[in-house]
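Sequences listed follow chains A and B, in order.
Heads up: the first sequence runs through residues 3 to 200, numbered per my numbering.
Heads up: the second sequence runs through residues 3 to 200, numbered per my numbering.
Where hints are given, some of them may not hold.
Intra- or inter-copy, both count: the list cannot distinguish identical chains.
SDA-like cross-link-like pairs, simulated, lysine to any residue; straight-line CA separation at most 25 Å [as the list claims (entries may be wrong)]:
| no. | residue 1 | residue 2 |
| --- | --- | --- |
| 1 | K50 | D31 |
| 2 | K174 | P150 |
| 3 | K40 | E76 |
| 4 | K50 | A30 |
| 5 | K50 | T5 |
| 6 | K35 | R187 |
| 7 | K35 | T125 |
No lab work stands behind these hints: they were computed from the structure.
Quick caveat, the model's predicted, so the values are computed rather than measured.
There are 2 protein chains.
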Amino acid sequence: MSTVTRHALIAEAERLMRLCGYAAFSYADLAAKIGITKASIHYHFPTKERLAEALVDDAMQRFSAALEAITAGEQQAMARLRRYSTLFVDGFDEGLRPLCGALSHELGALPDSLRQRTHAYFTRHLAWLEAIIGEGQRQGELNAAPAPATTAQALLGALEGGSVVARALADKQLFFSGFEQLLGRLERHRDEPAARQA
Amino acid sequence: MSTVTRHALIAEAERLMRLCGYAAFSYADLAAKIGITKASIHYHFPTKERLAEALVDDAMQRFSAALEAITAGEQQAMARLRRYSTLFVDGFDEGLRPLCGALSHELGALPDSLRQRTHAYFTRHLAWLEAIIGEGQRQGELNAAPAPATTAQALLGALEGGSVVARALADKQLFFSGFEQLLGRLERHRDEPAARQA
Chain A
3 MSTVTRHALI AEAERLMRLC GYAAFSYADL AAKIGITKAS IHYHFPTKER LAEALVDDAM
63 QRFSAALEAI TAGEQQAMAR LRRYSTLFVD GFDEGLRPLC GALSHELGAL PDSLRQRTHA
123 YFTRHLAWLE AIIGEGQRQG ELNAAPAPAT TAQALLGALE GGSVVARALA DKQLFFSGFE
183 QLLGRLERHR DEPAARQA
Chain B
3 MSTVTRHALI AEAERLMRLC GYAAFSYADL AAKIGITKAS IHYHFPTKER LAEALVDDAM
63 QRFSAALEAI TAGEQQAMAR LRRYSTLFVD GFDEGLRPLC GALSHELGAL PDSLRQRTHA
123 YFTRHLAWLE AIIGEGQRQG ELNAAPAPAT TAQALLGALE GGSVVARALA DKQLFFSGFE
183 QLLGRLERHR DEPAARQA
C-alpha cells in the first residue's frame, strides 16, 4: 500500500469514527470507499483497533500542531480561546462530531489502547486551556477567578456539549452558547478591579 | 411475553444504548441478558428500531414526570436547576451516558424515527429550562441577562459536555464544572442591581 493510500485510509476511517462511531464502521465500508480490497487493509492494519490507534495518533499530532499555531499566532487569551473553539465545529455541516467527543461517547465499546488515548487527548485539551487561561490572568486580560483548572474544564465541556446540542437540533448557532457565556464571565472589563471574585 | 418481561427488555435495551450505543447492541445480547429467545424479542419488537422507539418514548415519559416533580417540589429556580442537573449524572458510575446525549452522538447511525425523537427530547429540555429561568428572572431570583433561551442552551450544553469530559477522564467531579460556573453567573446577589447586564 502506498503512503497515499495509507493516508486516505486513515482519513476515511477518521471520518467514519466521527460520523457513526468505532463500533459502526467496518473494513468493508472502508474498502468500498477507498477502492481497495479488504485484504489490502488487513495487510497494513491487521485489526480495526490498530487502524483506530493510528488515526487517533495522527489526529493528536494535528491537534498539537494546531494548538501551537494558535499560541504562536495570537497574543491575547480571548483570541486564542476563540480560535481553539473553532477546532470543534470543523466538519459539523457534514454531520461529523469532534473526534475527542466521539471517543468519549464510545468509551464503553473501545479497547484499552483507545481508552488510554482518549484520556490523553482530553488531558492535552485541559493542559493547553489551563496554560492559556493562567497566562491571560497573570497579564490582567482575564479575571483572576475562577481558577484556570476549573475554567478549562468548563470551557472544554461547553464545546463538547455545544456539539451535542447543536447536532441534536441541527442548529449550528447553538454550538457556542455556553462557551460564549463562559468567556463573558472570564473577560476582564477595563472598569473592573483586577481581583474581582467569581 | 409478559408485561414484566417487556419492561425488563426495554430497561436492558436502554442500558445498552446508554453504555455502548444503538449500533453496538444486538438482540442476541438482549436475549442472553434477559434469558429469553431472540424469537420472543422479535415477536414483540420486529425490529431494533421499534424497540429503540419504545425505549425512548418510555424514557421521555419518565423525564417529563421528573421535570414536573422538580417544578412542583422546589420553589426556587436555583434549586430546580440543581435538581435537574442530577438527572444527567444518574448511571455515571456504571459507565452510562445520559440517553439524550447518547442519541445525539449516534445521530448519524439512527433511523429517522429516532432522529425525530432525539430532536423532541432536546426541545423538551430547552423548553423546561427556559420556563424555569424566565420565572426565576421575573421573580428577581436570577439576573435578567442573558436571555432565558440562550441560558437554557448553555446549561444543557454544560451538562451534556460535563458528561463527555467526566467520562473521558473517569472523574465525576468534572461533571458540573461548567454548569456551576454558569449558575454562578445567573444567580443574582442581593447587593446587585436587578437589571445587571451580562
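Would you list, in rising numerical order, the hints stated earlier that this structure does not obey?
-> Violated hints (numbers, rising): 3, 6 and 7; every other hint is consistent with the structure.
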